[in-house]
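One letter stands for each residue in the lines below.
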Amino acid sequence: MDSATPAAAGGFEPRITAFVCNWCTYTGADLAGTSRLQMASNVRIIRLPCTGRIDPMFMIKAFERGADGVIVSGCHPADCHYNAGNYHARRRFAIFRELIQFLGIDTGRITFSWVSASEGAKWRDIVNDTVTRVRGLGPFTAYRKLVVDPATVPAAKVTSKEVPA
Amino acid sequence: MSIGYFPGCSLHGLSREYDESLKAIAPALGLELVEVNDWSCCGASSAHSSSHLLGVALPARNLAQAEDQGIAEVVAPCAACYARLAAARHEIAGDATLAGHINKVLARDFRNSVKVRSILEVMKGALPAIGSKVTHPLKDLKVACYYGCLLVRPVEVTGGYDDPEDPSSMEAVCKAAGATPVKWNRRLDCCGGGLSMSRTGSVVRLGAAILKDAKAAGADAIVVACPMCHSNLDFRQKAMAQRGAWDGEMPILFLTQVVGLAMGLDAKALGLGRHFVRTDSVTTRPAPVAAGEVG
Amino acid sequence: MGSHEHSHEHSAAQPLATRIQHMTGLNPLKCYQCGKCSAGCPMATETTTRPHDVMRLVARDQLDRLTDADGLWLCLTCETCTSRCPNGCDPARTMDALREILAARTNGKNHNAIRAFHRSFLTQVRNHGRLFEMGLIMSYKLGGGPMFADVTTTPSVLARGKLGLAPHNVKGLEEIRRIFEACAAQEDGA
Amino acid sequence: MARIGVFVCHCGENIGRTVDCAKVAELCGQVPGVVHSVDYKYMCSDPGQQMVKAAIAEKGLTGVVVAACSPHMHEKTFRRATAGGGLNPFLCEMANVREHCSWIHEDRDAATVKAVDITKTIVEKVKRNVPLSTIRIPVTRRALVIGGGIAGIQAALDIADGGREVILVEKDPSIGGHMSQLSETFPTLDCSQCILTPRMVEVYQHPRIKLYSYSEVESVEGYIGNFKVKIRRKARSIDEDKCNGCGACTKTCPNKKIPSEFDCGLGKRTAIYVPFPQAVPNLPTIDRAKCLLFMNRAKGRPDTCKKCAEACSKEAIDFDQVDRFVTEDVGAIVVATGYQLYTIGKDQAKPNIKGYGEYGYGTIPDVIDGLQFERLASASGPTSGKIQRPSDGKEPKRIVFLQCIGSRDPQKGMDYCSKICCMYVAKHTMLYHHKVHDGQATVFYMDIRAAGKGYDEFSRRAIEEEGARYIRGRVSKMWRDGDVIKIQGFDTLAGEPIEMDADMVVLATAMRPQPGIDSLAQKLSVSYDQHGFINEAHPKLRPVETNTAGVYVAGACQAPRDIPDAVAMASATASKVLGLFANEMLEREPTVARVDESSCAGCFHCERVCAYGAVEHKEIKDRAGNVLRVIAYVNPGVCQGCGTCQATCPSKSVELAGFTDEQIWSEIQALGV
Ligand SMILES: Cc1cc2nc3c(=O)[nH]c(=O)nc-3n(C[C@H](O)[C@H](O)[C@H](O)COP(=O)(O)OP(=O)(O)OC[C@H]3O[C@@H](n4cnc5c(N)ncnc54)[C@H](O)[C@@H]3O)c2cc1C
Ligand SMILES: Cc1cc2nc3c(=O)[nH]c(=O)nc-3n(C[C@H](O)[C@H](O)[C@H](O)COP(=O)(O)OP(=O)(O)OC[C@H]3O[C@@H](n4cnc5c(N)ncnc54)[C@H](O)[C@@H]3O)c2cc1C
Ligand code: SF4
Ligand code: SF4
Ligand code: SF4
Ligand code: SF4
Ligand code: SF4
Ligand code: SF4
Ligand code: SF4
Ligand code: SF4
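Residue numbers (the working numbering), protein chains in the order written: chain A, 1 to 165; chain B, 1 to 295; chain C, 1 to 190; chain D, 1 to 673.
I should point out that these hints are in silico values taken from the structure, not numbers from a laboratory.
Just so you know, not all the hints are guaranteed correct.
[Stated by the list, open to error] SDA-like mimics (lysine to any residue), calculated; alpha carbons at most 25 Å apart, straight line:
no. : chain 1 : residue 1 : chain 2 : residue 2
1   : C       : Lys171    : B       : Glu73
2   : D       : Lys621    : D       : Ala611
3   : D       : Lys346    : B       : Ala172
4   : A       : Lys122    : C       : Lys171
5   : D       : Lys412    : C       : Leu29
6   : D       : Lys412    : B       : Ala93
7   : D       : Lys412    : B       : Gly159
8   : D       : Lys412    : C       : Gln33
The structure displayed is predicted, hence computed values, not measured ones.
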């Protein structure tokens, strides 16, 4: 296929989708670029304003569309451009972790991290580590089982639980 | 309350009066001392100066003995033993790899469940009991409470039962015994500790400074809670005098002896006769002990 | 990231600071040479290598110079330096680690009296499980320690019932020996 | 049907070296909906931008994708070009094939494949973009300044001189802040009061400055250009309109032994007091915690004293005054709440700050802090400028200064450097030597940090010409021996321990933010660091803005600052505020959330997660005016566009413009096999 990552000498090359916030991690990834930090080319970034915007369904969808791994990265806890968006995201992901295990996805396929705008090198390390780890886990083939109708997924329940009463 | 008891080598040797006096007052304080079965040396400063692992493993063996005995917490009256046991517990708790090594070395399943208490911590807990048992308050006795190094620091190891730079528990116990703690400056300075045998000159220098400061502050006696402090300050006064560093006679009392005296216990039972510097000036005071009982 | 590695394995090529960090979990490079440790060290007037000098030599990778450092062997392990260090450097623990590294080295001055004391002490513990004070004094002298300066007072010690004449052996001596052997094996494997 | 144009940039060699740009253009041209796909050497150049404009016109594009550098670099450029071509600018997006691709990979094939992927995701997104228009909101052109230290004073004056109204809120009875307590100031040694008081008076008399002293900000609502601020005017127990400041009341007050805050406890004041002679406003305040009458009232006893009221000929004293509230509308807020010093004592507000037991936890009376020394050295101070030690009033002949107390000390205090203490210690040694000719000042320091115009020269002068003795090393312990203070230190340069006697010791303690800064910051939705200092929006490029639009920061509440820094920041905030106020309306990016009124269930989960309070309640009524439902409404002026509400909404009824679910799903879709 046109967009397949070239498999290195027959080896398996994972496809990783990254959901990152605009202010910290996206900018940190920009910095990695400006600093010419070389890293694995398996990651595709989807830019969002804030990790608070990330709906767990995005990750399910990414797996369903053939991703072998997912990275979610935003600002450090006290650093959120939007004050608290990442805080809500964190709580949401804690519950999401249980959900993906329930769905039979190895949690090793998902990396949650914080990368600030000044942490280009950390971004490179996260990219490389994730690619290595997911490469070890092999291709994710269970995704067909995942084909879910977004409307029926308990995303609502998942997200509403974390709302402070 | 039943509590594990780790006497350590000194309390069976050079400082047996500490052991005697502690055992003498324990019932009155409601303490039941359960000696750790077949305890062995904590390794003192020699073990951890030679091998970190040995410095942890030797105390850990004793904690493991206590654990097997079903002891929840153990008191080590010697400040050095206390420091070694508490440090071992602290390090093992914070380091899973080390915990693994220790389990291998000990060849038993050690859960590191035994809490380590210093004598001060235990006596502080028994303050109400002490207060109620004092029959011969040590009125007019001015004491300099000497903590030395390892009783209250470092806080990471002690858990902060007392302030490391401005402690107060020993003063509180002495006050409960009716004595008057003086304000002085060298109560946290080191007495020379482990160099006692190998480098007498240092011990003389450090000890004399402590004695002089206590004297200047008007103390009649120095109170300690460590056998090493005791021998460096008591036994070494003669050497200090020989070297011209000190010319007084300052009685050095164990905290347990102070409490025992205030409870009206016999000076002999408290092992006061075993000291090098005579303690008559304290024991013959009219108030605390009936005349004729001094041995 | 995460918890520090505790490892007794280090290669000689590693900088000393890194070696120490592996052993203690603390980064000696945090030391900014403020001297507060040495200011409070009770032995600072008697030594030429004070705790902050030790930290400096570690940072500069000068293991050879540390071999002769008197401060390492005269340290009272009183923890004054450690409890007052603004950076949590723990010079006392760093010195433990250095003594451990240097235990294998016998060249240099490195304060044989004190090392002899430690050796005698540990021999006692190894053989009896507990400290046998009479035995300690004797073996210490035989092992190279200076004549016990206060040997004249020994009889008075005995008179006060303070020194036992016969060693008291612990029942679990087997285990004690195993501990010593296992620790030695670990060091050798390093 | 979408008609997308793709423009692939070479960035000279920057992209072209590792990415086959022509191939990318070719492959992207095959994507359904792409009607134009080209590559070019420098897209941001004038000809490059012209290509975009021309293609919009010629090919009738409905969307533009520029595959080039990061949107943080040139999104604005290409959105402007798109608008220039007659298309809504929000129909243009950038695919980042430089920072996120060509610069971080070497393998040309892999990089090219990845560049295609990146561009295709953005193509899919742009297909679903809708025209948006920037949001215009009106601006209330008045400013609020919180804190009346030199920073707040300067900001207020500059804004007011720029023609806008200012509300200045100061929590204490007088403005002036810490600068009013200083004696002489480095690096020029001019008298602090002499340069400060004219500015204080200017504030008081300025027709466009409204001063609320003895007042605090209660709550803040709204957003840039439109804040509503509720201010608590604490009961002074004085009718400000009647009082003429004659001072008769303070003279009669019998409770005269209260440690004066202004004199840092070295002087005394009465229960009804004016903190210092030059106070602005020059009105007394009754300290109710210390006034005999109020102390009696608290115990349920009848009023007694009333001496002050009897002395007042203006009947200005009002024992029954209560806190009052005023609400002010402002368009911008400047935070200038300054600092406090690390306390010498044992008790510290935060658990990680431990105090210094080795220095006696502040029990030695002749160990003081820097501000106390300022008061001793000040001509208007409790000793009329004579250096006398607190314990017995003797002139100290041996004075020792310890630097970095609580600073650069992760174990007991703060890990940061307080930045100004090296300078004020040098100043203190000079002031001391000027006043005590036969005295000797000694300083224990670790480094001398004197980076400023004339600063190093100043500290060198203290050593070389005025004879201050500097010893490099920290002190381990201090204790009192008779009436001298024993100091146990180490000279790391000479390599030897030092034991030294001193008659007085001055600790250069760390600068920390004011207490209560966290609750104020929360009211303002601005972030602060772990120490409580307000965070600037960008450490280099936006140093006086905060992460909340319309809120600015000046002075020592942002980090340790000296007076020149504080004033420079204050003037910078004023220029930002005046810039904001230059327009009647404000333009904002349209990245805001919108609620679908038909499906919103009114659960208000969105309201709970919104950090900005952007979600309001809206009533849906029938014709008769009966409320049918209450649903959420996002105020576009307040919404900052984080999207947290959208990810939280159980019924997917709120959507963030520019980042809709549909857009993101399509991006994920585009990455699929
Ligand atoms: C010992 C010492 C000596 C110094 N010497 C010099 C010198 O020689 N030269 C020099 O340049 N700098 C010197 N400084 C530094 C100088 O004091 C500061 O740079 C300056 O005072 C900072 O001004 P500011 O307005 O930011 O803060 P501050 O002076 O602290 O003023 C803040 C004001 O805000 C008020 N406030 C606080 N919280 C609130 C609230 N919630 N609501 C309303 N009001 C509030 C306070 O009451 C105060 O009036 C010295 C500092 C010290 C400690
Ligand atoms: C090696 C080095 C590393 C640095 N690293 C950092 C760093 O990591 N972080 C940091 O914050 N700072 C750093 N700096 C400092 C930083 O470079 C300066 O703070 C900053 O560039 C100052 O900006 P400026 O606009 O004041 O002056 P400049 O950058 O010097 O700009 C002045 C401009 O004015 C023009 N000009 C001069 N005279 C005239 C005239 N008569 N008429 C018209 N135009 C004129 C000049 O051509 C120039 O374009 C570094 C400096 C150096 C030397
Ligand atoms: S106190 Fe700590 S930081 Fe200071 S010199 Fe000693 S080890 Fe280094
Ligand atoms: S532990 Fe050793 S180095 Fe540290 S202060 Fe005590 S004697 Fe000095
Ligand atoms: S648009 Fe960006 S990538 Fe292209 S030439 Fe300009 S800076 Fe370089
Ligand atoms: S309250 Fe009355 S007496 Fe006091 S200053 Fe004002 S006018 Fe004068
Ligand atoms: S009522 Fe009395 S105590 Fe209170 S302020 Fe007035 S004069 Fe002072
Ligand atoms: S400015 Fe000087 S005294 Fe103050 S913290 Fe920094 S280095 Fe220490
Ligand atoms: S979370 Fe959704 S449904 Fe609930 S009030 Fe907000 S927009 Fe409406
Ligand atoms: S997008 Fe963010 S700021 Fe806007 S309403 Fe939703 S949660 Fe609040």
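task: Could you tell me which of the hints above the structure violates, numbers in ascending order?
output: Hints 2, 4 contradicted; others consistent.
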